[in-house]
Amino acid sequence: MRIAKALQLTLTLLACAFLLVPTIQSVLAGVTANYFRGLSSGLTLKWVAEVWSLYSGSIFLSIGLALACLVVTTLIGVPAAYALARRPGRGSRVIEEFVSLPLAIPGLALALALLQLYGSLQGFRAHWSFILVGHVLYTLPFMLRAVLAVLAAIDLRSLEESAATLGAGPWRRFIDVVVPNALPGVLAGGLTVVTLSIGEFNLTWMLHTPFLKTLPVGLADSYASMRLEIASAYTLVFFVMIVPLLMAMQWASSRAQRMFR
Amino acid sequence: MSIRFFSLACLLPLASFTLAFLALPLTRLVLGAASGDDGWGVYWQILQTPRYISALLQTIWISATVTVAALAISTTAALFLQRNRFPGRSLLLSVLTLPLAFPGVVVGFMIILLAGRQGLVNQLTPGHTVFAYSSFGLFLGYLYFSIPRVLLTVMAAAEKIDPALEEAARTLGAPAWRVTWDVLLPALRPALIAAGAIAFATAMGAFGTAFTLATDIDVLPMVIYTEFTLSANFAMASALSVVLGLVTWGLLLTARSLSGGTIAAGG
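Residue numbers (UniProt numbering), protein chains in the order written: chain A, 1 to 261; chain E, 1 to 267.
Since the hints were derived computationally from the structure, they do not count as laboratory data. Take the hints with a grain of salt, since some may be wrong.
Straight-line distance between alpha carbons at most 20 Å, and here's what the computed DMTMM-like set of lysine to aspartate or glutamate pairs gives [stated by the list, open to error]:
(1) Lys5(A) <-> Asp182(E)
(2) Lys160(E) <-> Asp182(E)
(3) Lys5(A) <-> Glu159(E)
None of the values given here were measured: they were computed from a predicted structure.
Only chain A is shown next, with the shape it has when bound in the complex (with noise of 0.2 Å):
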C-alpha cells in the first residue's frame, strides 16, 4: 500500500516536472544574459526590452482583439443563452450543438472554411475583423454555454413571471432579472474567451497579415527566426498575461459551479 503510494506520487511528480521544467527554463532563458553559457553570464531585463521594442504591437493587436472578441461574445452568447435557456428542448440542443462545431473541427479546417468564401473580399480579409470572426467563432461556445449553465439552474420562469406581475416587459425582464442573474456564468465564461482569444494560434495562423500578427503568431515567428533569449523573453511576457488569467478563469468557473449546484 505504501509502496503504491510512493509510486503514484513519483509519477506525479515526474508529470509536474515535464509540465514544468520547460517553463522554467523559458522564464529563466528570458532574463539571462547568455543562455548558452548560463545563469553566470548575469541577469539582464534587455532580452524582455527587446521583445517589447520588436513586438509591442502584436502584444496590443491581441489585447484589442481580445477585448473586442469580449464585447460581441457577450452581446451574441447572453441573449441567445437567455432564449436557449427559456424553452429547453430538442431545438435549442441542435442549436448549441451545431455552435459547438468549432471546438470540435481544428482550427485549421475552419480557417480554410473561412479564406475560401471570404478570402477575395480584400477589405475584409486584410481587416483585423477577419482575425476577430475567427476568435469568435472559437470563443462563442464557451461563453454561451458558461451563460447557459447559470440559467439552467436558477428557476428562470418563476422570477421572470413575477417580474411580469409587476409589469415588466420582456425587455425589462431581461435587462433586469436575467443579466443580473446570469453575472456569474458572464464572468466565468468573459474570463474564458480573453485567454483562449489571446493564446488562439491554429485559426490565426491562417487568418493573419503580414499587417496583423497577434502575439501567438509573433510567438511563433520568434521561434523561428530569432534567438533563444528572444524567444523566451517574448514567452515570459506572453506567461505574464495568461497565466493571471487562467487562474481568474478558473476561480471564476469553480465560484459559479459552487453558486449554483
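With the hints as your guide, set chain E onto chain A.
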C-alpha cells in the same frame, strides 16, 4: 411585444453570425473539396496517394500512443490527488493544469527547450542528444497538452465516486490493486473513454505544436497546411480538412455523450 417574439429576437445575432461564419463557410469547404479536377473523386484520390495514407496512419499512431500515455499518467495523478490531502497538493494541481492556456506553438517551444539543440537534455548528457524534432519530440509535445485535459476530466469523475463502494470492497478483504481494478476503474470507465476520445481528437487536429516541431514529420494538419499554402491545392486541402474534421467531431461527440462536459480540441 410578445415574449415569443422577444426570444426569437434574442437568437437573431447568434443565428446571423453562425450562418455567415460557420454554416456557409463549412458548406463552401465541403463543396470546395469537390471543385477540383476529380470532383468527389478527391476522396478516392486520398486513398490512392501513399503520402496521404502514410500521413494519416502516422497521425493516428502518434495520437493513439499519446492517448494511452496521457490516460495512464493523468489517471494515476488524478486518483492520487483526489484521495490524498497534503500541503502543496493544490500547487501540484495548478502545475498540472497550467498548459491548458498554452497555444500549441508555446508547447512546441517547451519541447525545444527540453530536447532541442540548446535544450536541457543536450546540456546534461554527454554527446549530441537532440530529439525535439523527431516523432518522439512530437509525442512529448502532444503529451504536454494532453495531460491537463485528461486530468481534469478524470478528476471530475473521481469526485463523484461514492467512497462507500471502496470501503465495502475493502471490508470484504480486497487488496488495494483489486479495489482499483474492480471498483475504481469500472466506475471511471465512461470518464476514461471520454478523456481518451478528447486526447485522441485533440492530438489528431493539433496544428501549433506540429507547426513548431514537425519540420520533417508528415502529420495530417501539416500536410493540409502545405497543400494549401505551398502547393495551392485547395481541393485536396479542403478534402483532407473535411476528413480530419469529421474524425475529430465524431470522436468528441462520443466523448460528450459519455461525460457531459465542455471540452475544446485546441493545441
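Do the hints match the structure? See the list:
no. : hint                    : in the structure
1   : Lys5(A) <-> Asp182(E)   : holds, 18 Å
2   : Lys160(E) <-> Asp182(E) : holds, 17 Å
3   : Lys5(A) <-> Glu159(E)   : holds, 19 Å
No hint from the list above goes unmet by this structure.
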